[in-house]
Amino acid sequence: MAVDLRAVLLSAFDYKTEKYVIAKNKKVGILYRVIQLSLLGYIIGWVFLTKKGYQETEESIQSSVITKVKGVLLTNSSGTGPRLWGPEDYVIPQQGEDVLFITTNFIETPNQKLGYCAESFKVLDGRCRKNEDCPEGEAVVAGNGVRTGRCLKKDRNSTGTCEIYGWCPIEKSQRLIVPLLGKTENFTIYIKNFIRFPKFGFSKSNVLDTAGDSYLKTCLYDAIAHPYCPIFRLGDIVLRSGHDFQDMALLGGSIGILIEWHCDLDKGYSHCHPRYTFTRLDFNSTANSVSSGYNFRYAHYFKNPAGETHRTLLKVYGIRFDIQVHGRAGKFNIIPTIINIGSGLALMGAGSFFCDMVLLYMMKKSTLYRERKFEKANKYVI
Amino acid sequence: MAVDLRAVLLSAFDYKTEKYVIAKNKKVGILYRVIQLSLLGYIIGWVFLTKKGYQETEESIQSSVITKVKGVLLTNSSGTGPRLWGPEDYVIPQQGEDVLFITTNFIETPNQKLGYCAESFKVLDGRCRKNEDCPEGEAVVAGNGVRTGRCLKKDRNSTGTCEIYGWCPIEKSQRLIVPLLGKTENFTIYIKNFIRFPKFGFSKSNVLDTAGDSYLKTCLYDAIAHPYCPIFRLGDIVLRSGHDFQDMALLGGSIGILIEWHCDLDKGYSHCHPRYTFTRLDFNSTANSVSSGYNFRYAHYFKNPAGETHRTLLKVYGIRFDIQVHGRAGKFNIIPTIINIGSGLALMGAGSFFCDMVLLYMMKKSTLYRERKFEKANKYVI
Amino acid sequence: MAVDLRAVLLSAFDYKTEKYVIAKNKKVGILYRVIQLSLLGYIIGWVFLTKKGYQETEESIQSSVITKVKGVLLTNSSGTGPRLWGPEDYVIPQQGEDVLFITTNFIETPNQKLGYCAESFKVLDGRCRKNEDCPEGEAVVAGNGVRTGRCLKKDRNSTGTCEIYGWCPIEKSQRLIVPLLGKTENFTIYIKNFIRFPKFGFSKSNVLDTAGDSYLKTCLYDAIAHPYCPIFRLGDIVLRSGHDFQDMALLGGSIGILIEWHCDLDKGYSHCHPRYTFTRLDFNSTANSVSSGYNFRYAHYFKNPAGETHRTLLKVYGIRFDIQVHGRAGKFNIIPTIINIGSGLALMGAGSFFCDMVLLYMMKKSTLYRERKFEKANKYVI
Chain A
1 MAVDLRAVLL SAFDYKTEKY VIAKNKKVGI LYRVIQLSLL GYIIGWVFLT
51 KKGYQETEES IQSSVITKVK GVLLTNSSGT GPRLWGPEDY VIPQQGEDVL
101 FITTNFIETP NQKLGYCAES FKVLDGRCRK NEDCPEGEAV VAGNGVRTGR
151 CLKKDRNSTG TCEIYGWCPI EKSQRLIVPL LGKTENFTIY IKNFIRFPKF
201 GFSKSNVLDT AGDSYLKTCL YDAIAHPYCP IFRLGDIVLR SGHDFQDMAL
251 LGGSIGILIE WHCDLDKGYS HCHPRYTFTR LDFNSTANSV SSGYNFRYAH
301 YFKNPAGETH RTLLKVYGIR FDIQVHGRAG KFNIIPTIIN IGSGLALMGA
351 GSFFCDMVLL YMMKKSTLYR ERKFEKANKY VI
Chain B
1 MAVDLRAVLL SAFDYKTEKY VIAKNKKVGI LYRVIQLSLL GYIIGWVFLT
51 KKGYQETEES IQSSVITKVK GVLLTNSSGT GPRLWGPEDY VIPQQGEDVL
101 FITTNFIETP NQKLGYCAES FKVLDGRCRK NEDCPEGEAV VAGNGVRTGR
151 CLKKDRNSTG TCEIYGWCPI EKSQRLIVPL LGKTENFTIY IKNFIRFPKF
201 GFSKSNVLDT AGDSYLKTCL YDAIAHPYCP IFRLGDIVLR SGHDFQDMAL
251 LGGSIGILIE WHCDLDKGYS HCHPRYTFTR LDFNSTANSV SSGYNFRYAH
301 YFKNPAGETH RTLLKVYGIR FDIQVHGRAG KFNIIPTIIN IGSGLALMGA
351 GSFFCDMVLL YMMKKSTLYR ERKFEKANKY VI
Chain C
1 MAVDLRAVLL SAFDYKTEKY VIAKNKKVGI LYRVIQLSLL GYIIGWVFLT
51 KKGYQETEES IQSSVITKVK GVLLTNSSGT GPRLWGPEDY VIPQQGEDVL
101 FITTNFIETP NQKLGYCAES FKVLDGRCRK NEDCPEGEAV VAGNGVRTGR
151 CLKKDRNSTG TCEIYGWCPI EKSQRLIVPL LGKTENFTIY IKNFIRFPKF
201 GFSKSNVLDT AGDSYLKTCL YDAIAHPYCP IFRLGDIVLR SGHDFQDMAL
251 LGGSIGILIE WHCDLDKGYS HCHPRYTFTR LDFNSTANSV SSGYNFRYAH
301 YFKNPAGETH RTLLKVYGIR FDIQVHGRAG KFNIIPTIIN IGSGLALMGA
351 GSFFCDMVLL YMMKKSTLYR ERKFEKANKY VI
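Chains as they are written, first to last, in this note's numbering: chain A, 1 to 382; chain B, 1 to 382; chain C, 1 to 382.
Calculated from the structure, these hints are not laboratory results.
For each residue, glycine too, the CB sits at the ideal point set by N, CA and C.
Honestly, I wouldn't trust all of these hints.
[What the hints assert, rightly or not] As a list, the in silico DSS-like pairs of lysine-lysine whose alpha-carbon atoms are at most 25 Å apart:
(1) C:K51 <-> A:K199
(2) B:K217 <-> A:K172
(3) B:K267 <-> B:K217
(4) C:K315 <-> A:K192
[To be verified] Heads up, incomplete: computed chain A residues facing chain B, CB under 8 Å, no partners named:
(5) G45
(6) L124
(7) A142
(8) G166
(9) W167
(10) P227
(11) G256
(12) R275
(13) T279
(14) F283
(15) Y301
(16) K303
(17) F332
(18) I334
(19) I335
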């Protein structure tokens with residue numbers, strides 16, 4: 001399938017004859033060249049320089065994230081006495097994974113025992129007016145225990161709540177005013193991130209090789225001053241995501257930490273650096289409202305000397321940090337280079353055809369151009 | 001690189017002359033037009049309307065999933081007395097992540113102490129016929145403890161099991177008949193999902209902005225009646241995946257909850273909705289058999305007044321819910337529009353060439369068409 | 001857009017006339033054919049046979065991983081007496097997920113109580129020379145508790161450490177020499193992996209259907225002898241990643257287990273097999289140094305008869321196994337077949353044009369070829 005070579009010779013490369021056409025119809029000629037140049041610019045500037053079309057790329061990054069939070073804190077809530085919080089208590093789970101929850105507030109209910117008490121009035125399904133509203137053995141929906149069949153109420157005509165068998169006393173619903181663990185703002189998280197591009201056998205860590213132990217013991221991440229320090233202040237992370245730590249600490253939330261590795265391996269090992277981005281994930285831009293937070297409950301179980309079980313229930317609020325690693329590496333390879341040059345040439349051809357179409361059928365003075373073109377062709381053909 | 005313009009003029013656009021060809025050879029002409037129309041249909045119908053080729057797309061969705069399970073349950077196993085299960089007990093891990101395990105059955109072994117007892121007969125490596133079969137200090141493979149060097153057997157000739165040092169009494173192997181926590185079928189899970197398409201700065205949640213707190217307290221997901229309620233009954237989820245909750249609860253299993261966000265951002269914020277799909281993941285279609293379930297063990301440790309440690313071992317069976325979020329958003333952008341129009345035109349050209357090839361070399365009466373074509377060409381050329 | 005058909009006829013398919021050109025200019029002709037053949041080879045060999053261009057592919061694999069570790073172990077550290085480690089103790093988290101940590105070493109600090117003691121001398125921020133260095137109520141950065149305002153030191157001029165309120169006694173910093181749980185090398189992990197390609201409705205498990213229970217009780221993965229046994233010895237996994245288990249066990253590390261499913265569904269169900277790859281993830285190839293390991297702390301809380309809380313703190317070192325599942329399935333589909341044939345033909349055309357360009361402008365003896373070409377063309381045209 002050979003494209004007509006004469007036409008190629010005449011219109012695209014034979015500058016002498018073309019100049020004659022341009023002389024006759026400058027606008028047509030200029031447009032023609034502009035389109036050709038912009039296509040060439042697209043191929044060289046965009047495909048080769050910006051998109052690095054001469055490189056083989058690898059998107060499937062292998063990554064390992066190990067995190068470690070440091071900091072201790074003393075809380076002294078009225079009911080339950082002093083409580084010391086170390087990372088083994090406020091980081092959940094403790095095993096230093098890439099998703100970690102930092103407790104920033106809590107409601108403690110100590111010394112719960114299995115027994116009988118009244119359901120919370122806040123639980124809709126637990127309200128009752130007579131004993132028949134509390135069928136025995138049926139659990140209260142979204143409640144704290146199983147109904148015993150009795151309705152507990154202050155006086156005859158009021159609405160009461162069902163008696164339940166469950167962990168008593170039940171958790172008091174409390175209005176939270178300040179985050180009890182607000183000082184976690186100053187705690188630090190050390191993020192060790194190892195990556196590997198298996199196709200290129202390239203591996204690197206976000207901890208600089210040149211950074212000694214002493215640097216790691218004192219440095220703190222800062223986008224400008226210390227971009228390669230892997231230790232982050234929790235308050236700074238929240239701040240960089242555009243929110244306030246103390247606001248978020250009250251009811252909890254979710255923050256995404258994105259580590260991006262865009263590596264041009266042609267430039268050498270030391271030019272491959274991580275880039276950190278912080279975003280609040282549980283945020284609804286349109287509603288202009290922050291979601292109602294992040295909390296869950298867990299319990300510590302104990303046995304008294306008699307062998308009876310009691311427990312301490314904790315409802316904890318906090319911030320979940322979700323570390324995600326993305327990456328892309330590129331390295332020169334002959335195959336994509338050839339393919340891109342080839343498809344570039346094909347595009348040039350298609351562009352050239354497109355130009356002809358435009359010039360022949362859409363320009364006002366196209367008749368002249370058409371005539372000249374055939375004239376030229378005939379000169380050679382006949 | 002100009003494609004020969006005369007040929008273009010003559011064969012593809014000069015309708016008058018072409019009509020003549022069609023008159024002479026209708027079949028060839030019709031096929032020619034059919035192919036051209038189907039290419040045009042492909043470009044407009046498929047590339048632009050179906051695949052939305054005029055849009056820039058974003059596939060890397062940022063997502064945050066927070067889950068909360070509600071429901072309490074009382075079990076009363078013969079050996080261990082009443083036990084109240086709240087979400088803090090039957091959901092593992094408790095921190096409301098996107099992968100959560102719901103306990104549906106369990107075997108409890110209370111009051112284990114470190115000591116000496118016989119290995120289970122079910123453990124192959126623990127069987128013995130004489131003391132030499134039980135080398136002291138060696139752990140039983142897949143067993144419960146470390147051999148003490150003694151072989152315990154009922155009488156001289158029978159096969160016994162090694163004495164071990166471990167947590168005694170060892171767990172009794174039990175045949176499970178009913179799921180003890182089968183009532184979890186009626187429990188609900190609230191899935192809060194926040195997504196963000198960073199390229200477009202678009203964020204949304206699966207909880208409707210218009211949905212008040214009261215709606216969320218009473219609604220239940222239903223594909224038809226309540227497609228935007230983020231609260232799911234566990235039994236419904238399993239049912240929608242095509243399985244039975246009570247069957248699955250006995251030995252456990254794994255369910256995938258897929259949340260898909262396919263958003264056409266040209267249509268506006270309110271047209272971007274999540275779609276939920278439920279699949280059983282631990283299922284082997286060909287073998288027509290469900291795997292042997294999902295279980296694991298954990299222990300609660302206690303100390304008696306004398307400071308000795310004892311523990312309660314729990315082997316729990318249950319269903320793991322794995323919430324995955326996928327998404328794709330598209331928005332009008334001039335660059336993909338231009339690229340798609342360009343490659344569409346190029347394809348039209350290639351298609352045209354293909355037609356010529358077919359017509360010239362593969363059709364029976366192609367000779368006539370070929371003659372006509374050159375005839376036309378010569379008319380202009382000479 | 002019809003490409004000039006005469007040129008097609010003359011240069012690419014009219015072998016007779018071409019032979020004449022070749023006779024005149026063999027080098028040019030051979031190069032021409034070589035390029036054409038290599039393009040044809042690329043399309044048939046690469047696009048169709050190697051890349052299977054006739055198949056529709058599915059990359060979004062649905063996967064479920066359930067893991068189970070087996071093995072028990074007795075440690076007898078000097079301070080704390082014998083300790084039996086079962087999977088419920090050394091696997092964290094216990095719920096058999098796709099990311100699991102195996103404890104291989106630990107430092108135990110039993111019987112910690114809230115009280116007053118001296119901060120560790122290793123904590124830089126805890127050192128002091130006078131009481132004013134220890135502001136009351138302020139937590140020691142990266143330390144173990146909250147300062148009380150007193151500076152404890154041996155004599156007047158030495159550097160001491162602040163007194164803290166925290167869990168006392170504080171953890172002793174110990175130099176680790178051998179991994180206390182080094183025997184975990186012989187423990188096994190059973191990896192159940194279920195996959196699904198939703199587009200094709202194809203699901204499979206890495207456990208062979210033909211494998212009976214007895215096979216699974218005795219087999220052990222081996223790349224050659226037992227490639228389909230899903231039970232792996234931990235020591236073998238580390239070995240296959242190119243490292244030594246005992247070295248890694250001392251301070252911990254991170255291993256990636258990649259399960260790849262490349263399935264050609266045209267070949268049938270039984271030809272779709274998983275392939276396992278093992279890599280050490282926390283490894284920095286250039287620095288030639290292994291990172292400083294993987295450890296974290298957790299605590300078990302107890303209450304004594306008087307209701308006072310005490311705890312056992314464990315600093316555990318270990319190996320994290322990160323199981324990742326990748327997959328790609330292909331099945332014959334008419335649409336990609338047509339698209340690939342079409343773009344193949346277009347590429348042939350572009351290649352042909354490229355050849356002409358090369359021959360006309362870059363070869364030395366191109367003048368002859370150019371002349372012959374036009375000669376041929378004229379023969380037909382006039």
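Of the numbered hints stated previously, which ones are contradicted by the structure, given in increasing order?
Hint check: 3, 5, 10, 12, 17, 18, 19 fail, others pass.
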